[in-house]
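2 protein chains.
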Amino acid sequence: MRQEKSRLDIFIDRMVSQRACLDHAAHLIAALEGPVFELGLGNGRTYHHLRATLPDREIHVFERNPTAQPDSTPPEDHLILGDVHDTLPAAGERFGDSAVLIHADLGGPNLQKNDAFARAISPLVEPLLARGGVMVSSDRMYFESLAEIALPEGAVPGRCFIYRR
Amino acid sequence: MRQEKSRLDIFIDRMVSQRACLDHAAHLIAALEGPVFELGLGNGRTYHHLRATLPDREIHVFERNPTAQPDSTPPEDHLILGDVHDTLPAAGERFGDSAVLIHADLGGPNLQKNDAFARAISPLVEPLLARGGVMVSSDRMYFESLAEIALPEGAVPGRCFIYRR
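As given, the protein sequences belong to chains B and R, one line each in that order. Residue 0 is where the first sequence starts when you use numbering that gives the first Met the number 0, and the numbers rise one by one after that. Residue 0 is where the second sequence starts when you use numbering that gives the first Met the number 0, and the numbers rise one by one after that.
Treat the hints as calculated values from the structure; they're not laboratory data. Zero decoy hints are in this set.
It does not matter which identical chain is meant; a pair holds if it fits inside one copy or across any two.
Keeping only pairs whose Cα atoms sit at most 25 Å apart, straight-line, the calculated SDA-like set for lysine to any residue is:
hint, residue 1, residue 2
1, K112, L145
2, K112, G81
3, K4, Q68
4, K4, D70
5, K4, V15
6, K4, V155
7, K4, S137
8, K112, D70
9, K112, E125
10, K4, A51
11, K112, V15
12, K4, D55
13, K112, R13
14, K4, T72
15, K112, I79
16, K4, A19
17, K4, E152
18, K112, P156
19, K4, P74
20, K112, P65
21, K4, P69
22, K4, L27
23, K4, L105
24, K112, T66
As the structure is a prediction and not an experimental result, all values here were calculated from the model.
All chains should be built: construct the whole structure from the sequences, respecting the hints.
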């Protein structure tokens, strides 16, 4: 009946792809030790999912202004408050290159803005990832040393990206 | 790996069910004449989907405070501004019982609040629906004369409800 995808279609593709990529990433990092970083808390649904999927991991959430409901907000000592342009370099000093999974859903409605943001934070994210670690993003990132890897079954090309060191 | 559904899982189920029910409803009303009502614009994704699915229908959106992006906002003469406790009865005077599809996604995070709202608006929605018309809702509604009908393939029980006069 429809010719083109609606915004609802695209949104569902994005959410389904995000979940498929995160669940796939959880398998890829199973043998690695290290923390998980969630860039942006939003309403906390993805953090809630990460915690359910990786119950034994330290999950640190980078957020400027946390507004999610309590069951989807990390404890204070796992919330890294501030602008990621500042907090990502600071995380390098604290955690080195120990992160085994970093997830970012920058996805606002403005694609150009998302892309500019992805370009700006790529060099800040790259040095945080452990060898074998995985970055999952809803936007294309711009890494020098990380390889884009194949999407898992169920993920829609262009709606999610996975990179691995 | 996971025992229980995460908030992300539940949200995906809700979005997928909403789309499945709306697409199913579009078939059910294909032979009927009359307008479509969307209760609440939100970010406009579902309105965008309805317009793509039903390009030849009049779609009226009931919203107190429209904030969606322009490509997902109806033209001014199809936007019914105000509180639905007032605008639904007024729509009865303007449209009678001619609506062939009414959709509502009341879904805030507070389930008790959603249920109270569903109870309050059910008697306001019920008289607007044409014979054969369909109501799709993300919450259980409380109708006297409308029958709950089976969900289409792909919809998850409890995440969406369909009623028909």
